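Colleague: Hints given; two lone chains; assemble the complex.
Residue numbers (my numbering), protein chains in the order written: chain A, 20 to 308; chain B, 1384 to 1798.
In case anyone wonders, no lab produced these hints; they're calculated from the structure.
Any given hint might turn out to be false.
Straight-line distance between alpha carbons at most 30 Å, and here's what the computed DSSO-like set of lysine-lysine pairs gives [what the hints assert, rightly or not]: (1) K157/A x K1765/B; (2) K1761/B x K157/A; (3) K1722/B x K1688/B; (4) K1606/B x K157/A; (5) K1528/B x K1777/B; (6) K1759/B x K157/A; (7) K157/A x K1716/B.
Every value quoted in this text rests on a predicted model; they were computed, and no experiment measured them.
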Amino acid sequence: MTELIISQVVNGLVLGFLYVLIAIGLSIIFGMLGIVNFAHGVYFALGAYFALTLRDSLGPWAIVLAPLCVGIVGMIIEMTLMRPLYGKEPLLGLFMTFGIALFIEELIRTIWGATGHPFNPPAFLSGFVIWGPVLVTKYRLFVLVVTVSILLALWLFLRGTRYGRIIRAGSRDPEMVSMLGINLKRVFTAVFGLGTAVAGIAGVLAAPLWSVVPSMSEAAIMPAFVVVTIGGLGSFAGAVISGLLVGVSVALSIQFWPAASTAVMYALMIVVLLIRPRGLLGESWERFE
Amino acid sequence: MKKSRNNGFGISRRTLLAGAAFGVTQLSAPFVITARAAEAIKIGLLLPKSGPYATQGETGHNGAQIAVDDFGGHVLDRPIEIVWLDEANPQTSQQNMRKLLEEEKVVAVQGGVSSGDVLAIMPVAEQAKTLLMATGPNATEITGKNCNKYTFRVDLPNKVTVQSVYPILKERGKKWYFVVASYAWGIDAYAQMKDVLVKDGGTVVGYDQAPLGTTDYSSYLLKVRQAKPDVVFVGLGGTDLTNFLKQMHEIGLTRQMGLSGPIVNDTDLWAAGPDVAFGIFPKLWNYTGPHITKRSADFAAAYQKKNGAPPEVEGWQDWFGATAILTAIKETKSTDSTKLVAFLEQHKFDGYKDTPIGFRNFDHQLIQPLLVTRVKEKITDKYDYFDILSEYPKDPSQLEAAYGTQAEIGCTFKS
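Here chain B stands alone, though its shape is the one from the complex (with noise of 0.2 Å):
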């Protein structure tokens, strides 16, 4: 039992003193009803503060930022708001995406660095019927048969990746080993590039499932070592992929297989540093190379403005993400989920990336050519590590049939 100290009248210093401050607000009244006319509109960002991905929510949340600045901070006369709760694993995205929703009352959520949280959250975004921009996960399944309504991505699905890097891949041999976080998004690339790479008679030497946030891969490196693929495929990401390669430089493997993986983000490799990073990998984005429009050279300059480094992928998925929300806001002058949707269902934004990209219909993944890259030879810049071999798919008319067919694909919306 605590004491508590009081002045003989039963009521506390501090209760005096929360009175005290109530009084004040009350007086103050006027000034706090014209700022509750132009009540924020807040934006729910849901990415990792802490794990193995705490760097690509780092830079996501800034990607984010800069679509504000780029509104001028509003939209519809009302300042907008980025609320950022953490990502930290399939149970707390719950917890997290259901506090957005009913405590901060967003009129939108976006994020999602790990497919796993993704999966975790979409029900509860079609649950809510509000829209939910995943940003950066990449299970197939997500647009696929897991799709909903009310979600929509902006990253890439393994399928694709993973026969964007195969051609160049094939040339170092078909003998391939695989290490992949053991979650949806690792067993799901798994599986993507398997399939490619069996069906061009090519085999799988070894197959590793190493959870989300191991440190040391040096027992993995062993079975590596000792299996000799002409390739690795490394389903890893964050620190993961970053302490996975620090490793393969320890043990001398550095450049003397192929590696590659289903994506890769430009963090994981500055934090390895240019004698340990290599590889081909798919990318997303870069922000140097031939294929940089106007508007994304203004965004990379903008960020670097902002934050002291280029924008690695993350950044600019979480641009275009915070973007494509607040222009659909924008344009149907409005807030409802359900006008939202149908926005992003037709509409086209030009200028992104070297074509009109836009949302499809019948699965809300966004249709847009992606970059096969290779770590360079010889890195001399802190940030710049990649060379862009190619654009996948090549000939611009394939890139809708390189996503798949409504009929492959398997979704199909609960209306």
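The following block holds chain A by itself, in its conformation from the complex (with noise of 0.2 Å):
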């Protein structure tokens, strides 16, 4: 039994990165334009469809350029469709991102259909590898490292770097920014870009695991939802720590109770915002408060 528990914490474990790679980008998206992003699921799934048309041309690269393709969507709804509600009603934003997440959708359903495409794992990635007790398939590994490095490069890149600095200035203040003779509408379209095609990578890793279907985004955006909000809007670290621990709480009641495998996760966030609304690592924000 104890064998048992603890490769389904391992599992839970690399469930819940996957969960913190569909999450980071609406983390993203949040944490510096303040925008909800109902739409984040769709671009979740366009990630997989843009792979999957262009896999059978493209081989492995289009691993790389799906979720580019996704960041460039991404950037021409910013301009096109989010700007003129920067500063306006927060409702707005909500509305717009939701009446968008429908309409991709449906584009999804009319160019693609509405039966499921097939989407297996590269052949060298096929197989497990077993420790002891653990098993982890070597897929799921491969989802972890580059959910890894994805991590390690974004923090770098906002900690680190000129362009992080300004993003997170921006977040906080924007107008004070503008006045400093920095383009900030030019930043928030990249920053939108990078969140979307963080999703859009998160799509293309979860297509060989999960149904490639065009209510795929469905199955991400709950989670991504769940896991923001437990770890605190916008907040990177926090986003990690709960992904993890939705993760490692799905897999244990899948052991124990597994008809609760999906309000478990819901059941965490709400104990989470009784006792910090903010969720775990949520930080206090003037602009929101």
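Modeller: And the structure:
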């Protein structure tokens, strides 16, 4: 029994990293732009569908190119649909992103059809490794490595570079940053592109594991919101801790009480919100107080 | 407080425009009146537009459209209109059922992929005394202890399907693991299959209920792997089944043990892909195979022509469901549900399967032969996934008996 529990905990941690990857783009866009992006799930789905289309002609390059395409779509949407809403009632942004979500999902259904598409992991990543009681598939290990690298890269970019400092300053006090002569519009577009591209990466990586269907965004958006809410909106470290927490809770509930395995993440969210309404590592923001 | 701009007369520009538009409709009134004489006969469709069963919703809708085409778009000299509302969960289905009945004034409703949703809308149909043609649910109780006078079912009850595949599955061994969706259909599938297995001396080595719409089954599969069963019986459908199969493949369990379920939809396997799909399944219908009739082959051809892919089984079910409703309307020259019910209780539909099929008058279950199928060893076509092993029951004279007697079914209609 102990062995099975250990193997479930590890499996949950690995699953947690996938949740973190799905959630992190949502967290970036909220943290920097203050937009609660209901359309996050469809950028995830677009990542998978772009990879599906590109892989026939480009092979492995599709994995790199698909998220880039998603980022470009994200930037176009930011410039045309999101920008006019900055500084307005936050509710408008919610409606807009919700509308975009419905629209893109229908668009996917129209272009690629309602029926799902097969999507296997590459042959060299098939199989699994076993250490004692722990079994992890090679593909999930690959997802884990990619996720950790992306998190590190994002963290270094935001903390260590000039652009990162501009983004962070702009998120806290846009007026002041504009007065310093920085074109914030362009910065915001880039951040939105970055957030949606990360969602696209998550979609590409999830495609061999989960169904590639137009409604696959649903599978992503709920865990993403739960993870971000538990971790604290906009907090990087919070999203990581909470993603892993959700992964392990889900895995353990499947061991002992599988019927409750979806409910358990919402229960976790309720408990955290009751004790700490801001989320685990959420900071207080003047803009939203 | 929002300020409204007006032109000084207290009439806004929008009101003026609306007024003008109204004037135009009045001018064109004579044409409207002729159109009214041939008011459409509306059939309500409740099928999922979102969630795990969205694909079945789409194929079901496509199938029903073919039935409308078969009738030339008209019945009783009135155009046929299909009104499709979402079957998202029991509550929404109930609300949409009411909307179809009260606002859309449909003459009958068909659909229902999830047994949970169908069990929720059955009392609404009964209260409104309106025909409900349940095309896609499998929980035994729908035409069993929860049956009612206005509900007919096209799909197969779990109790029948589990018996059709058991003899071939038990050759793999009698240690079974069950993973089922945690609602009416999955729970009933477990109960029915377990009954057959245990009576035959088999054992249940594991039983998990997974929430509908689960994406990641890796933790379940760790348990399955640990238990080393001879057969995994999955009461999962839609994306749930696709996800389960994909992750079975990921962990290297594909074709390593027997796999079966209470029913299967082609689209769930098409979405999984040829390397990933395997198993032995009971199936209501298949677009290829020796069982196919001329009429069903014509349907498959029309469907393929219109939608660019062959019909999966849900397409046939909703095509048949809509055909049954429209035939009843045509033959009784009426849209009154009481008459439609009386017609369906005695009519035999010939040419749809290789034996005439009809709804039984005491439980409203469609009595039809079903197929025992195996996913091909080597799948070469994008859509052709199944080998037909046999029909069930093998002896056509046993057809009625295979669905149970009135005493076994436990269905009594409130009159």
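Colleague: If a hint holds in the structure, say so; if it does not, say that too.
Modeller: Do the hints match the structure? See the list:
1. In summary, the hint linking K157/A to K1765/B is supported, as the alpha carbons are separated by about 28 Å, within the 30 Å threshold.
2. Simply put, K1761/B and K157/A have alpha-carbon atoms about 25 Å apart, close enough for the 30 Å limit, and the pair holds.
3. Between K1722/B and K1688/B the alpha-carbon distance is near 35 Å, which puts this suggested pair outside the 30 Å criterion.
4. Only pairs whose Cα atoms come within 30 Å are accepted, and K1606/B paired with K157/A is accepted, the gap being roughly 19 Å.
5. Of the supplied pair hints, the one linking K1528/B and K1777/B holds, its CA atoms being roughly 27 Å apart against a limit of 30 Å.
6. Straight-line distance between C-alpha atoms of K1759/B and K157/A comes to about 27 Å, which keeps the hinted pair within the 30 Å bound.
7. Between K157/A and K1716/B the alpha-carbon distance is near 64 Å, which puts this suggested pair outside the 30 Å criterion.
Going down the numbered hints, you'll see the structure goes against 3, 7, while the others check out.
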